[in-house]
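With chain A held as given, fit chain B onto it using these hints.
As given, the protein sequences belong to chains A and B, one line each in that order. Our numbering numbers the first residue of the first sequence as 1 and each following residue consecutively. Our numbering numbers the first residue of the second sequence as 194 and each following residue consecutively.
Calculated from the structure, these hints are not laboratory results. Just so you know, even glycine gets a beta-carbon here, dropped at the ideal spot from N, CA and C. Hints may be right or wrong, so weigh each one.
Below 25 Å or equal to it, Euclidean Cα-Cα: the simulated PhoX-like pairs (lysine-lysine) are [unchecked claim]:
no., chain 1, residue 1, chain 2, residue 2
1, B, K358, A, K185
2, A, K49, B, K358
3, B, K222, A, K146
Each pair of labels, with its calculated beta carbon distance range [said to hold, decoys possible]:
no., chain 1, residue 1, chain 2, residue 2, range
4, B, L221, A, Q144, 46 to 56 Å
5, B, P204, A, P147, 37 to 47 Å
6, B, S202, A, T192, 26 to 36 Å
Stretches of chain A that chain B covers, calculated by requiring three or more beta carbons in the stretch to come under 8 Å of a beta carbon on chain B [unchecked claim]:
no., region
7, 135-141
8, 175-185
Residue-level listing of the chains:
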Amino acid sequence: MRKFFVLLVMLFALPASAHNVVGGVYAIGSTIEGEAGFSNGDMASAGTKVTVTDPAGNVLLETETDEEGFFTFEAAARVDHLFRMEMGSGHVLEMILPADELPASLVGGAVASAKPAAKASGGTAVQYDDAAMQGMIEKAVAKQVKPLRKELRAFQEKAGLQDVLGGIGYIFGLCGIGMWWRQRKQAQAAKTA
Amino acid sequence: MHIVDGALSEPVLAGGALLALAGVAYGLKKMDYEHLPQVGVLSAAFFIASYIHLPIGFSSVHLILNGLIGLALGWAAFPALLVALILQAVFFGFGGFLVLGVNTFNIALPAVMVYFLCRHGIASSSPRVAAIWGAIGGAGAVAVTTVMVAGSLALSGEAFWLAAKATLIAHIPVMLVEGFVTAAAVLLIRKVKPEFLHLAEDWDNA
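This is chain B alone, in the form it adopts within the complex:
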């Protein structure tokens, strides 16, 4: 999911950097400091999740977890993901520094979208409904990210539909797994620590 240096044209790189910068600035502003440890933990989770490739069959896939991060952090997903992506570039050589902005934006914006679209769902009084919305969030964030990655490549001149289709098909298993993981995580967190998903306020009324 990381685009590497050299694949994108300069306007796309600059645009991505600007958008990511705006998102990070807004995320830092919105982040209340009680949630700082949580941001750190999820940032670390993302850092690891992308490193662990599951070598099954003749290829390998890795989790992205941006749906779960979005549900838990909202706008704070931007700074959390930026930090994790910088460290991935430093330690593992994933992506690169020039494309950092584009990569951050492509992964963090779907996370924020999931936060606004699915937050209501996961606060539902029925665990079933909550799990379904969690799954939608987990799978949806990956889907949107793949489309945005394909879009970034298209803006730089590569054929959009080919790239979009290839990345989308390749990530169907990831979407399924992320859907299950996020749904399970939502169910668990609802039980043991609802404030982790910013649910504390709605919780008593639900």
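Excised from the complex, chain A in its bound form:
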């Protein structure tokens, strides 16, 4: 019996495709970072093809994910970017990065309202222009936010007990409607008979 159990466990260890594909794309300056994986925590396998297209369907780039299901893309224009990945066995992931998350300095963006250059630099040795500063801030924030993004996504994927109970409730409710309907029909038939 124990041997059989061990065998069973070993068989379970075979790779099986999980259900949902999850992923996200985020803009950090003009660089778009993306990641893809499955809802059970596995990331997309290395070398999964990522196709990037603009809204008109023109392919901008085809790239591949690394071992951690991660990929980057350098945006050249401020348009919606569509990311499509085929992850095998009917798993397709489509993600959109809206144009307004990309910096306005790119082609197609509204001309950034050029603020008057920083005045009165009270003796600071290094000066940054606004755009570079913006980029640095975005990068720093992105780094901090990344683990939170991951956690949040894992949380969203986890359906709770409420969902399970709710689903069962719906099914039983449907049965109840069916039975009630049937009861009414029987009662009507009895009345007319």
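Then chain B, alone, in the frame of chain A:
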């Protein structure tokens, strides 16, 4: 086992929806209302079974139970599975609404096939024979479903053999477990509640 939105071509989606619709309509017609609670209970069982992933090793699998549902419900498996699949899409985000037809058909048709192929077997007077047929039904339904999933993908342009082989190998453990579960369920139900498997009529003669 659920194909997600975006993987299939439109003709496949439309064909799947039509076939599923026909199956559901026929199933509703064939379903007698005495069995309505049973349909509900099995629909709920399927709803849960797909949610519970068994995270063993570095991956996870889940039960499908369509063999058992087929044995118990016959054509009524179509409406029962459709309801469960809709709710799974709503609550868990499994599959999607556009592929609902294809998913329903891929899971419910094997269930109906098992009903017709194995019903005689599980009504056998020998519990051993009945258990074996139950196991065949449980494992067979999963096998047919994987092949149909691979077929749906192939019709949409993906390489059939690669997809079929991948899904089939991945589901060998599921088939084994479903075989055992269905066989055990058949044995138990035969003892305690034979009418659950529509066996009441043959039972006295057996």
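Outcome of the hint check:
no.: 1; hint: K358(B) / K185(A); in the structure: violated (50 Å)
no.: 2; hint: K49(A) / K358(B); in the structure: holds (21 Å)
no.: 3; hint: K222(B) / K146(A); in the structure: violated (53 Å)
no.: 4; hint: L221(B) / Q144(A): 46 to 56 Å; in the structure: holds (55 Å)
no.: 5; hint: P204(B) / P147(A): 37 to 47 Å; in the structure: holds (44 Å)
no.: 6; hint: S202(B) / T192(A): 26 to 36 Å; in the structure: violated (51 Å)
no.: 7; hint: 135-141; in the structure: violated (count 0)
no.: 8; hint: 175-185; in the structure: holds (count 4)
The structure fails hints 1, 3, 6, 7 (numbered hints given earlier, in ascending order).
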